[in-house]
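Novice: The listed protein sequences correspond, in order, to chains P and U.
Per our numbering, the first sequence runs over residues -7 to 266.
Per our numbering, the second sequence runs over residues 20 to 334.
Keep in mind that a hint or two might mislead.
[Said to hold, decoys possible] Listed below are the simulated DSS-like cross-link pairs for lysine-lysine, each with C-alpha atoms no more than 27 angstroms apart in a straight line:
1) Lys87/P to Lys256/U
2) Lys225/P to Lys67/P
3) Lys123/U to Lys67/P
[Unchecked claim] Counterexamples of contact, computed for chain U against chain P with all Cβ distances above 12 angstroms:
4) Val219
5) Thr223
6) Leu320
Rather than coming from a laboratory, the hints here were simulated on the basis of the structure.
Please read these numbers as outputs of a predicted model, since none were measured by experiment.
The beta-carbon is built from N, C-alpha and C at its ideal position, and this holds for glycine as well.
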Amino acid sequence: MTMLTAQKPSSDAAPAARRAGPPLLRVENLSREFGGVLAIGDLSFTVAAGDIHSIIGPNGAGKTTLFNLVTGVYKPSGGRVLFDGADVSGQAPYKLAARGMSRSFQNLQIFFNMTALENVMVGRHLHLDTRLLPALFRFPSLVRKDSEARDRAAQLMADVGLSRYVGADADSMPYGALKRLEIARALASEPKMLLLDEPAAGLNATESREIDAVIKKVAASGVTIILVEHDMKMVMGISDHITALNHGRKLAEGTPAEVAANPDVIAAYLGAAP
Amino acid sequence: MNRILHGRLTGLAVLGAIIAVLPVFLTNNFYLDVAILAGFNAVVCVGLNLLIGYAGQISLGHAGFFGIGAYASGVLVGVYGWPPIAALLAGAVFVGVLAFAVAKPILRLKGHYLAMATLGIGIIVSIVLRTESGLTGGPDGMMVEPFKIFGVELYGEKIWYWVVGVLLFVVVWLSLNLIDSPMGRALRAVHGSEVAAEVVGVDTARFKVMVFVLSAVFASVAGSLFAHYAGLITPAKADFFKSIELVTMVVFGGMASTFGAVVGAVVLTLLPQALTVFQDYQQIVLGAILMATMVFMPKGLLPTLAGFLPSRRRA
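Start from the sequences, fold in the hints, and give me the full structure.
Specialist: Put into structure tokens, the structure is as follows:
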């Protein structure tokens, strides 16, 4: 955990102080339709720097679509996404990664043709020499930085509790470990903001608690986190702020207590009385 | 970690030893000639494997790039009197620019558009070579002058064996270096999951274009040298069936395995010599091998064999 906590000194700030942080992400009137069906409609919200900000909502509420819009995987039909003060609407994911955004996926996106360690090393891409000629002739500077990246990736794997898989091929690892591998890979890029799409889905209670601890540690190191998760115990426990969606529109937002008490949110989850 | 380094140096040492010792057993020029042809194919396949095996993109026109290199050398040296090395470089640069121009717009798209585009290139190259008979000699092919550099003429199987051997060794070394580098991991990541590669900062389109250009240039250089070695080149060396043969070599030997590509090239170069009865049915046999490989050992020959070893070291 040394590395995570060493990243940013401001991490000791109290949660109350963190709430006062300037917005790192601002979503303005964002919308996206697929063949006339509105997946996200006129959605606006901000995420404060340093927060753990959860997005909740029933299945089909548009949470993953929102992630794909924010990270550039989809282009918005309307509205803007501002990240770290710049309008980044519709920018390619690799450009957003260079600006400090990274994410995990609801359906695993692992490089199964590589080892676990190499998966995390790909996460170091932006910090390494990726030119052709130095690679072909193994320039000493490239080899040195590559070996540092290897150590760093191994450390990150240890941080998320994957030490024993350092030498493993990705395709030989169990599901729960792969979920954490995605987080380690995303962290390797040293993001300012990390988007986690259902990191606890399909995990057992123990694994779920481990993920919970990992997320808290990452947040404590100063990384802003946007979390989509169905495990309400986890969401209510670790979030600083929650935005609730339904049918692609904002239903409610506020602190976990405020959102949990909101009658619209309860109706959306349990079905409204007529 | 060390395993990869270990594997690379061991593999290179084995390859070097085989290249060094093999001439002892190649007792006549026919055997040497087959070995040289296998070497040329292996050079092209190692480059093609970077594209197909590692980056997961398919080219059905690599024989076209091989052909452009061959004819660039044939025409520029024979007709315009260029020094062979200048012709080789000019061919490689032209192929690089052509590959870049084709791949740049196409590789922004997802899916197998590159396969279709390269199929087109291969066919166009083949047609041009057949019809521009004033320069290329048409379907009958053209004679190519021997390779001369610093006043030394490379002539005969014994010398060419070493030229191709060294070239193959260098190309394998470069390929292994590339794969175990940040760019190499980016290429494999493109194959593994494009979207995941993108979100950690990999400009997937750029890397796909780069590896395509690189593999095309490897083919062009091999083509140029082949032209000088063979002394006669025909459009058949650049046609669609030759491209399919190259892809088959890569798939058969083992995708995403540099040494697999070499093994595939060697085996499928030797096979027609060994099974001369199939002479008239060569394409059918090739297709059958490709199908059987996909069905029975989708990882290819070398990785499948390596899988039987207890330590499972990667080739």
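Novice: Each hint should be assessed against the structure and marked as holding or not.
Specialist: Quick rundown of the hints versus the structure:
no.: 1; hint: Lys87/P to Lys256/U; result: 42 angstroms, violated
no.: 2; hint: Lys225/P to Lys67/P; result: 32 angstroms, violated
no.: 3; hint: Lys123/U to Lys67/P; result: 21 angstroms, holds
no.: 4; hint: Val219; result: 5 angstroms, violated
no.: 5; hint: Thr223; result: 7 angstroms, violated
no.: 6; hint: Leu320; result: 18 angstroms, holds
Hint compliance for this structure: hints 1, 2, 4, 5 are not met, and every other hint is.
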